[in-house]
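Based on the provided sequences and hints, a complete structural model is requested.
Here is how the chains run, residue by residue.
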Amino acid sequence: MSGGSGAPGGSGAPGGSASGSQIAVHLNGAPTLLAADATVADVVGLSGFAPAARGVAVALDGDVVPRADWTTTTVREGARLEVLTAVAGG
Amino acid sequence: MSDATKPAMGADGVVPPFVLGGRSWGSRLIAGTGGFRSLAELESALGATGAELVTVALRRLDPEQKGSLLDVIDRLGLFVLPNTAGCYTARDAVKTAKLAREAFQTDWIKLEVIGDDRTLFPDAVELLRAAEELVGDGFTVLPYTNDDPVLARRLEAVGCAAVMPLGSPIGSGMGIRNPVNIAIIVEQATVPVVLDAGIGTASDAAYAMELGCDAVLVASAISRAAHPTLMAQAVRAAVEAGVAARHAGRIPRKLHAVASTAELGLPDLS
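Sequence order for the protein chains is A and B.
Residue numbers are given in my numbering: position 35 of the first sequence equals residue 35, and the series is strictly consecutive.
Whatever position you read off the second sequence (first residue = 1), add 1000 for my numbering.
Any given hint could turn out to be false.
[Stated by the list, open to error] Below, computed lysine to any residue pairings styled on SDA-like, alpha-carbon distance capped at 20 Å:
1. K1098/B x A24/A
2. K1098/B x D1137/B
3. K1095/B x S21/A
[Claimed, not checked] Covered by chain A, according to a simulated footprint, are these stretches of chain B (three or more residues, beta-carbon under 8 Å):
4. 1028 to 1037
5. 1117 to 1124
6. 1156 to 1162
[To be verified] Chain A regions said to be covered by chain B (calculated; three or more residues, Cβ under 8 Å):
7. 63 to 72
8. 77 to 86
FYI, nobody ran anything at the bench for these hints, they're computed from the structure.
Heads up, the beta-carbon is just placed ideally off N, CA and C, and yes, glycines get one too.
Next comes the structure, spelled out in structure tokens:
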């Protein structure tokens, strides 16, 4: 998911137009290129989750992005994204 | 009545329903999902616990992860209790709780704010701060806390739905190191007391219930047992035995024997 093909120098920006404008972000700690118009919902999709994905939460620059805002929240250059999911614990 | 003849605390002869967070639960065993060797083992053991509430954590997606924990939990029809494991500050714990609320669409949170990475003891100051903020934000807060009656009272005062004192360090299997403090916490609490952390085997769980805890939360004792499903059955039976014993009223401890057979009618065999 992260740190692979989406890394700088990789094969382009997933989730958006192949041409031109891309932004570099940190996705789960790994440098990743995204389309300049990518939304949080796009990033969730890139991470392999269905849009409704139960058990998934997103933090953008340390703040929780409510589910209802995923499709309208765009990601900016240099953003720190955390896409989290349920794991065994506690 | 003297202390020696007073019925044991809690000896009302009836096991009451277990109410936590405004809901009635059929099982007093809350299961942790961490530490199992495989999802198949987890599914088998969770089923054997009879638990209705299970804890889960939030982490970055691991591309190597096989299968879905949530699918297992859904198949078993269990209620997800997210935790804030790994948080060391109130700020991180509050953010993690809010992420969990988005992820699982639940206001319930097992609040953990750790103060020390060797013992995994809670940080009392940060814990109380986080609890207060989360209660204010509408969460049903179940705090993992020290075996400290004063802190337990403070957590209850800020509106926590339960207090969950540790028996001994997480994963240590050391059982209940300060049963007297647990008894004091039980005695004063008006919210459920859940013994969280330290259970090593079935008898520890029974002891927690005999001390008057309303429930126990068990993870490693089951998941890291050589045979988790068998241990799950054992802990389940122990919890049921312990709560029944509590309400049955144990006999007082005495220094000397009290004959259980009458002396009247003893023959003269001289």
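Comparing the hints with the structure gives:
1. In summary, the hint linking K1098/B to A24/A is not supported, as the alpha carbons are separated by about 26 Å, beyond the 20 Å threshold.
2. Note on K1098/B and D1137/B: the hinted pairing holds, with a Cα-Cα distance of about 9 Å set against a maximum of 20 Å.
3. Between the alpha carbons of K1095/B and S21/A the distance comes to roughly 32 Å, so the proposed pair goes past 20 Å and is violated.
4. Here's how the stretch 1028 to 1037 of chain B fares: 5 of its residues keep a CB closer than 8 Å to some CB of chain A, so the rule of at least three is met and the hint holds.
5. Here the stretch 1117 to 1124 of chain B counts 0 residues with a CB under 8 Å from a CB of chain A, which misses the bar of 3, and the coverage is violated.
6. Under the rule that three or more residues need a Cβ within less than 8 Å of chain A, the assignment of the stretch 1156 to 1162 of chain B is violated, with 0 such residues.
7. Counting residues of the stretch 63 to 72 of chain A whose C-beta sits closer than 8 Å to any C-beta of chain B gives 5, which meets the bar of three, so the coverage hint holds.
8. Requiring three or more residues with a Cβ within less than 8 Å of a Cβ of chain B, the coverage given for the stretch 77 to 86 of chain A holds, as 5 such residues are present.
In terms of the numbered hints stated before, the structure departs from hints 1, 3, 5 and 6, listed from lowest to highest.
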